[in-house]
Amino acid sequence: MRRTSADPLQRLSAKLGGALHPERRTTLLTVDPSKVEEACLGVASLPGLYHLSTITGVDLGDQIGILYHFWEGRRFVTVKTAVPKTAPRIRSVAGALPAATLYEAEIQDLFGVAFDGNPYAGKRLLLPDDYPAEAPPPMRKEADPEKIRRMMKLE
Amino acid sequence: MSDAPAGDRKETGAGLMQYSPEGMMPFGPVHPSLKEPEYFKLILEGEKIVQVVPRIGYVHRGIERAAQERTWVKDIYLFERICGICSFAHSISFTQAVESMSPFEVPDRARYIRVVVAELERIHSHLLWLGLVGHWAGFDTLFMWVWKDREHVLDLEEGITGNRVHKSYSTFGGVRKDLPEGIGAKVTAELGYIEKRVAYYKDLVQSEQTLTVRTRGVGRISQDTARKLSPVGPLLRCTGIGRDVRTEDPYAAYDEVRPEVQTSKDGDIASLLVLRLNEVLDSCRMVKEALEKIPSGPFKVPFPRTVPEGEAAFHVEAPRGELFYFVKSAGGSVPERVKIRTPTMANLLTATEMLKGQTLADVPVVLTGMDPCFGCMDRVSVFDVDKSKEWSLSGEELRDYGIEYYRGRRG
Chain A
8 MRRTSADPLQ RLSAKLGGAL HPERRTTLLT VDPSKVEEAC LGVASLPGLY HLSTITGVDL
68 GDQIGILYHF WEGRRFVTVK TAVPKTAPRI RSVAGALPAA TLYEAEIQDL FGVAFDGNPY
128 AGKRLLLPDD YPAEAPPPMR KEADPEKIRR MMKLE
Chain B
99 MSDAPAGDRK ETGAGLMQYS PEGMMPFGPV HPSLKEPEYF KLILEGEKIV QVVPRIGYVH
159 RGIERAAQER TWVKDIYLFE RICGICSFAH SISFTQAVES MSPFEVPDRA RYIRVVVAEL
219 ERIHSHLLWL GLVGHWAGFD TLFMWVWKDR EHVLDLEEGI TGNRVHKSYS TFGGVRKDLP
279 EGIGAKVTAE LGYIEKRVAY YKDLVQSEQT LTVRTRGVGR ISQDTARKLS PVGPLLRCTG
339 IGRDVRTEDP YAAYDEVRPE VQTSKDGDIA SLLVLRLNEV LDSCRMVKEA LEKIPSGPFK
399 VPFPRTVPEG EAAFHVEAPR GELFYFVKSA GGSVPERVKI RTPTMANLLT ATEMLKGQTL
459 ADVPVVLTGM DPCFGCMDRV SVFDVDKSKE WSLSGEELRD YGIEYYRGRR G
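Note that the protein sequences, when read in sequence, are chains A and B.
Residue numbers for the first sequence follow our numbering, so the first one is 8 and each next one is one higher.
Residue numbers for the second sequence follow our numbering, so the first one is 99 and each next one is one higher.
Only chain A is shown next, with the shape it has when bound in the complex:
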């Protein structure tokens, strides 16, 4: 399984100027945010890799990391990118991979990353309607749950 799809992944990585890190269970493909859509489509078109398990957002300090986990057999292929907190914006992959719609909407709510082209862009999926617009997105490190509770007049 690994042998058949390792080569196309390397070719994809070289084409997009990315970096490939094979780990024990996960093959990481790190790319620039502008190349994410192409990378995800490239990975999803490889045999057996059409299943997008989920998309993870991670607070990396100055940046928000976004990881697209694809599953095949005994491994994950993860497309990894990061957007700066000062301009958290990326193109949505939901047009080509509809399974991404809700996962992107979740990251938009919890990390404040805008996904251009997602049906939920500018709308809310998870956060309450009265979540204060001036409060930081709740999963960011700088978000203080106590302060947000006070802003929402919950105590």
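It is possible that some hints are incorrect.
As the list claims (entries may be wrong) - A few chain B residues that face chain A, going by a derived Cβ cut-off under 7 angstroms, partial list only: (1) Gly-155; (2) Leu-327; (3) Phe-424.
Keep in mind the hints are simulated off the structure, nothing from the lab.
Built from N, CA and C at the ideal position, the CB exists for glycine as well.
Position chain B relative to chain A; hints supplied.
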């Protein structure tokens, strides 16, 4: 409120109001103390559903954030509380994700015990679901039979782990205690009873008109839709795609106790009924096989309180499908980030596809058919933009409406 023109209503869900000529029915959310409230905006053309917009988060408690402030061990018990039905799936997914980041090997006995409890959990989860489908389709006798039988499985789980629901059993490096003496004979006896009952139910769901008329051809999904929307578990397998984490990416002792992947071609609720019952029978076989093959030895190894720096993605086959955990450690005593994707989240978009083209009367059965964590649709209000009229239906009333609707059609 009901007189306000549609355009003036505050909407935060995704693109809804372009559908104003048709009727719009907000569906949910239910009371937060109940199972899993979610909110579906159903756009109706007469009786027919043309569009569905989900809005979730009513019981989003920020568990992923809370986990970053608790120690690794405390997090196991926190994550178990995400789901009251598949709590063990959450704990083995998290513990195995963390174990995969450390050099410690889990003892063989613990791997087998995990299979035993995980499969017992699958049996009780599928039985719970079958009862709910019976209830929402107006077949309450089935509901009562099945839930009574399910108690036998819960008793077994309690006998092994000490708890019926939140088992607090799996931990880093193994399980918290050994199997009790003489459990093998008890399990074999109880599962023999379950197998007999399930064989009867399998016959029943395929022949009893109360169920067939409500489930055959209802909530159909195609293989193409499934490939596009990446649903998981029985919802994926009922379209004929035989993907199961237990066989494709075996964890615990699933490489030695192999499941038989159940598939079906029809992709409707009727096929889901048979498919899940087949899975129950297979799980019974696997529990007995695991108890026969189980090696002796330690059931736990000591595990350090900190986790080496790194990242791990791990998934297990929960009763509802692939349950995904992503764990990131900075080497400290608390996790840096834990991401959880539950099966219902992956199946939500597919469920909206299943609802399209169905009638309002089919909503309870189709939504229960996907086996979400919400069978308890509590408060439904119906809004008809044309007539500027709003009325409310409780979940029970909607159920009665569905039953009456089908009774009328049968004459």
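Notebook entry, point to check: What hint numbers does the structure not satisfy?
Noted result: none
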